[in-house]
Amino acid sequence: MSTSLPAADADALQPGAEILLRALKDQGVEVVFGYPGGAVLPIYDAIFKQNAIRHILVRHEQAAVHAAEGYARSTGRVGVVLVTSGPGATNAVTGLVDALMDSIPVVCLTGQVPTHLIGNDAFQEADTTGITRPATKHNYLVKRSEDLARVVHEAFYVARSGRPGPVVIDLPKDILIGPARYSPPSAAPHRSYRPQTEPDGGAIARAVALLKGAKRPVIYVGGGVINAGDAASEALRRLVQLTGYPATSTLMGLGALPASDPRFLGMLGMHGTYEANLAMHGCDVMLAVGARFDDRVTGKLAAFSPQSRKIHIDIDPSSINKNVPVDLPIVADAGRALSALVAGWEADGATPDRTALAAWWRQIDGWRARECLRYTQSRAAGAIIKPQYAIQRLHALTRESGRPTYITTEVGQHQMWAAQFFGFEQPNRWMTSGGLGTMGYGLPAAMGVQVAHPEALVIDIAGEASILMNIQEMSTLAQYRLPVKVFILNNRYMGMVRQWQELLHGGRYSESYSAALPDFVKLAESFHATGLRAESVDQLDATIRAMLAADGPVIADIAVDEKENCFPMIPSGAPHNEMILGPEHEATAAGVADAGLALV
Amino acid sequence: MPAQGDSDFRSATISVLVDNESGVLARVIGLFSGRGYNIDSLTVAPVEDGGQRSRINVVTSGTQMVIEQIKAQLDRLVPVHRIADLTQQGPHVAREMALMKVIAAGDRRSEALRLADAFRARVVDATTESFIFEMTGSTDKLDAFVALMRPLGLAEVSRTGVAAMARGTRVI
Ligand SMILES: Cc1ncc(C[n+]2csc(CCOP(=O)(O)OP(=O)(O)O)c2C)c(N)n1
Ligand SMILES: [Mg+2]
Numbered sequence: 119m120s121t122s123l124p125a126a127d128a129d130a131l132q133p134g135a136e137i138l139l140r141a142l143k144d145q146g147v148e149v150v151f152g153y154p155g156g157a158v159l160p161i162y163d164a165i166f167k168q169n170a171i172r173h174i175l176v177r178h179e180q181a182a183v184h185a186a187e188g189y190a191r192s193t194g195r196v197g198v199v200l201v202t203s204g205p206g207a208t209n210a211v212t213g214l215v216d217a218l219m220d221s222i223p224v225v226c227l228t229g230q231v232p233t234h235l236i237g238n239d240a241f242q243e244a245d246t247t248g249i250t251r252p253a254t255k256h257n258y259l260v261k262r263s264e265d266l267a268r269v270v271h272e273a274f275y276v277a278r279s280g281r282p283g284p285v286v287i288d289l290p291k292d293i294l295i296g297p298a299r300y301s302p303p304s305a306a307p308h309r310s311y312r313p314q315t316e317p318d319g320g321a322i323a324r325a326v327a328l329l330k331g332a333k334r335p336v337i338y339v340g341g342g343v344i345n346a347g348d349a350a351s352e353a354l355r356r357l358v359q360l361t362g363y364p365a366t367s368t369l370m371g372l373g374a375l376p377a378s379d380p381r382f383l384g385m386l387g388m389h390g391t392y393e394a395n396l397a398m399h400g401c402d403v404m405l406a407v408g409a410r411f412d413d414r415v416t417g418k419l420a421a422f423s424p425q426s427r428k429i430h431i432d433i434d435p436s437s438i439n440k441n442v443p444v445d446l447p448i449v450a451d452a453g454r455a456l457s458a459l460v461a462g463w464e465a466d467g468a469t470p471d472r473t474a475l476a477a478w479w480r481q482i483d484g485w486r487a488r489e490c491l492r493y494t495q496s497r498a499a500g501a502i503i504k505p506q507y508a509i510q511r512l513h514a515l516t517r518e519s520g521r522p523t524y525i526t527t528e529v530g531q532h533q534m535w536a537a538q539f540f541g542f543e544q545p546n547r548w549m550t551s552g553g554l555g556t557m558g559y560g561l562p563a564a565m566g567v568q569v570a571h572p573e574a575l576v577i578d579i580a581g582e583a584s585i586l587m588n589i590q591e592m593s594t595l596a597q598y599r600l601p602v603k604v605f606i607l608n609n610r611y612m613g614m615v616r617q618w619q620e621l622l623h624g625g626r627y628s629e630s631y632s633a634a635l636p637d638f639v640k641l642a643e644s645f646h647a648t649g650l651r652a653e654s655v656d657q658l659d660a661t662i663r664a665m666l667a668a669d670g671p672v673i674a675d676i677a678v679d680e681k682e683n684c685f686p687m688i689p690s691g692a693p694h695n696e697m698i699l700g701p702e703h704e705a706t707a708a709g710v711a712d713a714g715l716a717l718v
Numbered sequence: 573m574p575a576q577g578d579s580d581f582r583s584a585t586i587s588v589l590v591d592n593e594s595g596v597l598a599r600v601i602g603l604f605s606g607r608g609y610n611i612d613s614l615t616v617a618p619v620e621d622g623g624q625r626s627r628i629n630v631v632t633s634g635t636q637m638v639i640e641q642i643k644a645q646l647d648r649l650v651p652v653h654r655i656a657d658l659t660q661q662g663p664h665v666a667r668e669m670a671l672m673k674v675i676a677a678g679d680r681r682s683e684a685l686r687l688a689d690a691f692r693a694r695v696v697d698a699t700t701e702s703f704i705f706e707m708t709g710s711t712d713k714l715d716a717f718v719a720l721m722r723p724l725g726l727a728e729v730s731r732t733g734v735a736a737m738a739r740g741t742r743v744i
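First to last, the sequence lines map onto chains A and B.
So the first sequence is numbered by the numbering used here: it starts at 119 and just counts up by one.
So the second sequence is numbered by the numbering used here: it starts at 573 and just counts up by one.
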């Protein structure tokens, strides 16, 4: 990785900004997403003088972080952000928290006023390390030039090791100007941060024994499997194949198992499938891998999977026993633990309890037969498009195109429908804001994905409300000729808000109507992109085909049914077996208790 | 977080060895406030030659699950080297120091002095109207002495918080 320079040169004093770029290069950085300002001008000057690192000029610092997240999640590498002091740094905060919640490795360089002005309320001064302390995995304020190179290398190590996350390096301007000596990345172990990646052999053996004895097993996969790299998904596939056990995934884990695998039950949780949630509720042994039992997944904690013994593999010990007590914790990298489980299962000559498993599958197939995702699309000319159908057609037509396809989303109903109806066959093809649920994530994230994969098809599945939160990035797409496709499911409502108001607040649609929307076709055109629109079902396929065929960026405005709700739904605070199914199904759940209203 | 009445609610004295870098205390305190954990007492000071590392002693309380969570959360902070749950590990010494100013005259003054003697508190400052007592001991002992001084003219208290370590040969 390191382009080692002649020894004499390596020892020479250089301005801090040059040292910084050299450290980035040695960390293998190829792209930086950023926005300039006074405090970081020395870095921009150094960028100007070199060609190894490409800079993508975003239109808002929040977007720079989301773009870096998209870049990171689609490549498995660390995404890099560069912003100025004060407002540059504060604008980046939402992106940082987003990356923290979803464990995305990002290094964010922030400018800072010169060290002698820190604390003086200087122009564009903000207490960036103070503000970002709870927003990052770790942060640094570089106060001495001699620390600069070491801190940069350490920041990359921290961002990508263990449970990945965002790291901020706050860089006072005098440090960027002042002379310093470079030091290359050190091979020495970090003095205090050394996450455990190898699983304990005894625990693996106990896990094999538990799994082998299971009568109603379920594998619960989270985003940690994606973070652990392709090897983790491969080991998981092998385990599912060996055992024949049913598996479900969180929103973040989609793609770790192929959606087309018959043993895959679909997503679980609040808008997960009936079969996935009931399998979780009724299982006797649960294997959780790289998942964190968050409230969107567990529903009512006291009633969560009451009869199961739980094995939990996670690289972050603080994720274990946080919400749900587990019987067998395994602290390790998900890939290594899964490979060890596969090896253990094979060495043991283990076989599943076939009779019990067959009975369990019969029960699951019974739940599947409810077809919880069913909806009805009228094919009459002029019929209104169902959002689910729009995603299914998008999926079918992108598959037909045969191109590698990456999907990002905004936040809302469209996000859940994308998760339910766009089948992901591979890891790292699906980027969505899971933990923070950040509207405005999808477009910049798609931009970052497209930068990393210039030839791929990159589509942001959006809502008409969310897309307006970072719409300015259309300008970035134009500047860098990034052919991102924005596929808006336009229901003229903040649909997810409307749905909650309908179901939980007596149909009082307070402030959730998307009034005064722009003409998205003209909007696209004004940003040098192609604008398309589909108003009825007969126009849908042609619109999608035109979108996929376009060379440049596209906004496709798809008018969908305004009243459609996203089902199944487990209301906040309800247990898994009290799921609301859609209008196509007979009534299932009772009304939500008042206590549920307090939950988010 | 589970309520105080829960059966497995306990107090824990946790020692944390950290790199003595700027912001490290803010990280620890922010973790407690951000996640709603209790801090009953907190001390911090450099403990190694050259001041490279500091030791933080925190007395907290919660259910067993919460205390395990606190330790796991502390452990994943980058500058944290080691953690010890002294309460769980077994016998340990936990002491704190207090300065207590008592302003009193006549009988109350002599009673304060008599009690101080019984509790082995030292007089570190005296005027005709006041004393400052210094006392080192367990939190309970200090609490008891403070309570006794209150009706006798206790005017001000300054306490260090707990310093603690395991008994015997065990080290953090
Ligand atoms: C930054 C931000 N603000 C507010 C919310 C709360 N919120 C969640 S979904 C949603 C509505 C999204 O509307 P739209 O983008 O049209 O998607 P739809 O649900 O209609 O598919 C809102 C306001 C959020 N998730 N993020
Ligand atoms: Mg909408």
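Take the hints with a grain of salt, since some may be wrong.
Covered stretches of chain B, as calculated for chain A (at least 3 residues, CB under 8 Å) [claimed, not checked]:
id : stretch
1  : 581 to 587
2  : 633 to 642
3  : 650 to 659
Treat the hints as calculated values from the structure; they're not laboratory data.
The C-beta atom is built at its ideal place from N, Cα and C for all residues, glycine as well.
Chain A covers the stretch 650 to 659 of chain B, three or more CB atoms within 8 Å, holds or violated: That given contact holds, which follows from 4 residues of the stretch 650 to 659 of chain B lying within Cβ reach (below 8 Å) of chain A.
Given coverage of the stretch 581 to 587 of chain B by chain A, tested with a Cβ cutoff of 8 Å and a minimum of 3 residues: With 0 residues closer than 8 Å to chain A, the stretch 581 to 587 of chain B misses the three-residue bar; violated.
Proximity test - 8 Å, beta-carbon atoms, the stretch 633 to 642 of chain B to chain A, at least three hits: With 3 residues close enough to chain A, the hint holds.
Checked against the numbered hints above, the structure breaks only hint 1 and satisfies the rest.
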